[in-house]
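Protein chains in written order, with the numbering used here: chain A, 469 to 744; chain B, 469 to 744.
These are computed hints drawn from the structure, not numbers from a lab. Misleading hints may appear alongside valid ones.
Here are some chain B residues pointing at chain A (derived, C-beta under 8 Å) [to be verified]:
1. PRO578
2. MET604
3. CYS660
4. LEU720
Just so it is clear, CB atoms sit at the ideal spot from N, CA and C, and this is done for glycine as well.
Protein chains: 2
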Amino acid sequence: MEEKITRRDILAKAAVLGVGIAVGSAGTRIASADTAETGTAESGNKNDEPKSGEEPVMRQWPWPYVKLDPVETAELAYNGWYELGCGGTVVMSIFSQLAEKVGEPYKSFPDESFVIFEGGLGGWGTLCGSLNGAAMVCSLIIGPPTKDETSVLMAINTMDWYSHAIMPIYVPKEPRANVDGIVHTVSDSPLCHVSVGKWEKESKFATSSPERKDRCARVSASVAYKLVMTLNEWIDGNYHEEVTWFGPQKALMPAQYNCADCHGKNVPKAPQPEKK
Amino acid sequence: MEEKITRRDILAKAAVLGVGIAVGSAGTRIASADTAETGTAESGNKNDEPKSGEEPVMRQWPWPYVKLDPVETAELAYNGWYELGCGGTVVMSIFSQLAEKVGEPYKSFPDESFVIFEGGLGGWGTLCGSLNGAAMVCSLIIGPPTKDETSVLMAINTMDWYSHAIMPIYVPKEPRANVDGIVHTVSDSPLCHVSVGKWEKESKFATSSPERKDRCARVSASVAYKLVMTLNEWIDGNYHEEVTWFGPQKALMPAQYNCADCHGKNVPKAPQPEKK
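Next comes chain A alone, as it looks inside the complex:
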């Protein structure tokens, strides 16, 4: 069902939903990506000090990136989860450091607004917020798909990595639960409901338990760690991942790789909540 193709073909992937993605010529607003050089080098802050009378030149895309420490990022993400949820904490863990190290446009942007991604968006169990947040980080830092297809590539490969990973990977320095070890599961899906559900089934811990909260905080930390590792490779020019197309996507259907997990007999009966 899977086939490796060159990563240049990721642009063709936009055809999965038929969009040309000619960002920069869209509607009433023009992205300044063509002139923004800050995303391709470890740069200072061009926009911190607007001259008097000039409008602040904040509208840039991509946003500048400098290499971050994955462990420091993961610790921020783990502890931030308890206040910002999975999506908000992944964005905060990266943007808060860049606000310190780079300045604008990070200093001005309310990255906590991504708290809405929590629980597969407001508790509906769709896309895991940590992946939604990671995608936004990729998009803002790497820039328009027409300029560089890497943003979509990195976002979807992060979903693929997440789905196959034995989660949670990251072990926080001061875990708030599961201190003697934690149950690991493979979600085989980027969906919150599936990811959380499989872990709860295996661990027997309920959603409301401190253990489940620690697990999701560790998952967010794992995603933040992985994302910073990948962005560090990218800023060094060492990011050479390829996109994997799945069968349904080759048939132009937006989908993930494991059709039979839903279109089959693998879906469990909805379990009753376990009480600890």
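Please arrange chain B on chain A, whose structure you already have, making use of the hints.
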């Protein structure tokens, strides 16, 4: 399975994944929501003209809102879809108008970055990008859940409305396909794969067809129309929706309302792509 509860209980909903959502005290960055008054009235632009030597005071949350015309918004969203995809176009259709009418922080923000939401995030078929974009609009305009639970409420009620709507609702002034009428379907899900799949099964049009592209552009326009209608009610103080909790959510599991659509025999066999 469903039960109406007061909308104050939405804060308790954050407990679905256990996050306290105490935005404003998180990590290294403080949201300025407590002092930002621009989101609660039709206001001008406080931040357009930073004084010389001062850092631009762009970090505000919520972002200001003024009433927009739903039809104009939907037209922008419909036509913008062909360049920005479902997520990018919903955000652009609203923020581009607010950039004109309000100014900052919309003028500075690269709303096209939400193009990454396309096709359920990069073609993976998870959360419909139009809903992901709508959630970000809600979050940025309405603000932190601790200040006002309405952002989460509006985002999840938009998902609920989408899932039950006979889509697409909006008829563009100059449709690019389906000019003599369009097949309507009910997705019963906020997921791209399900929403698109059910429409393709009913209409017999393939993902690559002009008819399917027009359908998704109309869906995005429908979401943008609905969202602006709702935001207009909200800014006038007339938004009084209640949250609906579903059975699994009451058991604290992040989930949508229709368990049996996945945990049952309702999932169709993965169809072969139809060719027109």
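Practice prompt. Determine which of the earlier numbered hints do not hold for this structure and return their numbers in increasing order.
Written response: none
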